[in-house]
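S.K.: Go ahead and model the full structure; you've got the sequences and the hints to work with.
Taken in order, these protein sequences are the chains called A and B. Okay, so the first sequence: first residue is 1 according to the working numbering, each after it adds one. Okay, so the second sequence: first residue is 1001 according to the working numbering, each after it adds one.
These are calculated hints, taken from the structure and not from any lab test. One thing to keep in mind: the hints can contain errors.
Stretches of chain A that chain B covers, calculated by requiring three or more beta carbons in the stretch to come under 8 Å of a beta carbon on chain B [stated by the list, open to error]:
1. 30-43
2. 70-81
3. 96-102
4. 165-175
With beta-carbon atoms standing in for the labels, derived distance ranges [as the list claims (entries may be wrong)]:
5. B:G1063 x A:A134: 51 to 57 Å
6. A:P17 x B:L1131: 16 to 22 Å
7. B:R1156 x A:S125: 40 to 46 Å
8. B:A1123 x A:Y34: 28 to 34 Å
9. B:H1020 x A:A164: 52 to 58 Å
10. A:L131 x B:A1176: 37 to 43 Å
Please read these numbers as outputs of a predicted model, since none were measured by experiment. Don't be surprised by glycine CBs; every beta carbon is placed ideally from N, CA and C.
There are 2 protein chains.
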Amino acid sequence: MKFCSRCGGPLSFRVPPGDHLPRHICDACGTIHYQNPRIVAGCIPEWEGRVLLCRRAIEPRRGHWTLPAGFMENGESTTEAAMRETLEEANARVEIIDLYTLYSLPHISQVYLIFRARMLDEAFSAGHESLDVALFTEAEIPWGDLAFPTVHESLRHFFADRRAGRFQTRTGTIGAAPWQRPAADDA
Amino acid sequence: MKFCSRCGGPLSFRVPPGDHLPRHICDACGTIHYQNPRIVAGCIPEWEGRVLLCRRAIEPRRGHWTLPAGFMENGESTTEAAMRETLEEANARVEIIDLYTLYSLPHISQVYLIFRARMLDEAFSAGHESLDVALFTEAEIPWGDLAFPTVHESLRHFFADRRAGRFQTRTGTIGAAPWQRPAADDA
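M.R.: As structure tokens, this is what we get:
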């Protein structure tokens, strides 16, 4: 971030008066440009005991399986975002049951919100960000080919809670996955 | 948003190829500048059955009572953000118990995450964004002078759940408060 998006003036990176962190500040018009974590909203769509997963057609993690999820947009609610992403990536219509997992990923400044959801019918197909979409029983989940730790943890808890007969909202912090960490040579 | 923060070039507002919403796009370097909802993280700090509230020293809603909460920063977790805000606004140290409320405010593109929390000791005082900080029993809560609907709803559920002896995570969408809606003359 080098230029002010409001006036085009040059930015400096310093702590504003009364603040405690450096921010991008416009030397011309005085605007402070804050940067904040982004929300990834998605769901665990269930149909007759099976769970709907998408195989990613885009990077990162192209070819790996994921829950339908994506960046929340301005002007929508978290559940609207989760339903929209499920429609876009899997052409599946769901109703949201409840919040299931809340994960912070401070290394990439993201917050995941994954809801439990019920598919309204058995219709689904690959959206343009998916190579494939399929329903999986617990035994069929491709645990070694999941795209993200948030997906792995959400599914692991989901099946354990389902067996226990009681779902509870899970929260936590997840660090960088092995493929996200810089190689030892870079450290 | 008029200028590219990366190269200073002019921005146009149009739908990028493969997208479905208009974005600010740099005509010079091609960067797409996404805008996403911001997270407000905070908590309900409890000490011997009473709840800690802050009277706001800043707009919006200066002079009204609120839970310690504020914008989550890049590089931190949601619980770290809630603890930091509590320290900044109330000089109070807490440990987080669990997520309690998740509210979407689509009209201002914010998502509130309020946790239940236990104060580590009885020490507290007004931070620079607070005029006053105080502990309240349920009967003492200034219901008519609360700053935001999110605070009202979080506290209302909190005391009801506490009486019922069982806390459950609450999620929902909250529209504009009366003081946030444009006057009829502006409509």
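S.K.: Hint by hint, say whether it matches the structure.
M.R.: These are the hints, each one checked on the structure:
1. 30-43: holds (count 7)
2. 70-81: Since 10 is at least three, the answer is holds.
3. 96-102: Coverage by chain B holds for the region 96-102 of chain A (3 residues, Cβ < 8 Å).
4. 165-175: holds (count 3)
5. B:G1063 x A:A134: 51 to 57 Å: holds (56 Å)
6. A:P17 x B:L1131: 16 to 22 Å: Given a distance of about 19 Å, which is inside 16 to 22 Å, the answer is holds.
7. B:R1156 x A:S125: 40 to 46 Å: At roughly 43 Å between Cβ atoms, S125 (chain A) and R1156 (chain B) fall inside 40 to 46 Å, so the hint holds.
8. B:A1123 x A:Y34: 28 to 34 Å: Given range 28 to 34 Å: holds, Cβ gap about 30 Å.
9. B:H1020 x A:A164: 52 to 58 Å: Since the Cβ atoms of H1020 (chain B) and A164 (chain A) sit about 39 Å apart, the hinted range of 52 to 58 Å is violated.
10. A:L131 x B:A1176: 37 to 43 Å: Given a distance of about 41 Å, which is inside 37 to 43 Å, the answer is holds.
Going through the hint list in order, the structure does not satisfy hint 9, though it satisfies all others.
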